[in-house]
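Colleague: Sequence:
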Amino acid sequence: MYVVSNRIKVKKGFAEKMAPRFTKPGPLQEMNGFEKVEVLVTQNLEEHDELNVNMYWNTLEDFQAWKESDAFKQAHSRPSGGQEGQESPLLGSQLVIAEVASTLHSEK
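All residue numbers for the sequence shown refer to the UniProt record's numbering, where the first residue is 1 and numbers rise by one.
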């Protein structure tokens, strides 16, 4: 299992507004090897907000197929209508790919 984390730095006040965009139902759910997406909002930052979008994949090849798909391109295109001229809240991002090495589950 692989976790692909996109650490997205945005202007203060935007993380909570942006988080639901990453978990909208759509073509991602039909991709081979896709397990789930979790969006975490970092709580202890003062200068900016940070989202950690964690995507869980069975293999790196499954993730790569998503990145090369038309669905990925569509999901990452800027929306049209009313958005032109607005400054983006995005300050930067970093993609981190990790293999799950160990897991502990609740016994409850």
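Take the hints with a grain of salt, since some may be wrong.
[Unchecked claim] Beta-carbon label-pair distances, calculated as ranges:
id	residue 1	residue 2	range
1	Ser93	Pro25	32 to 38 Å
2	Gly13	Leu104	30 to 36 Å
3	Gln64	Glu16	29 to 35 Å
Because the hints were derived from the structure by calculation, they are not lab data. All values reported here derive from a predicted model rather than from experimental measurement. We treat Cβ as the ideally placed atom computed from N, Cα and C, and that holds for glycine.
Colleague: Broken hints, numbered, in rising order?
Modeller: 1
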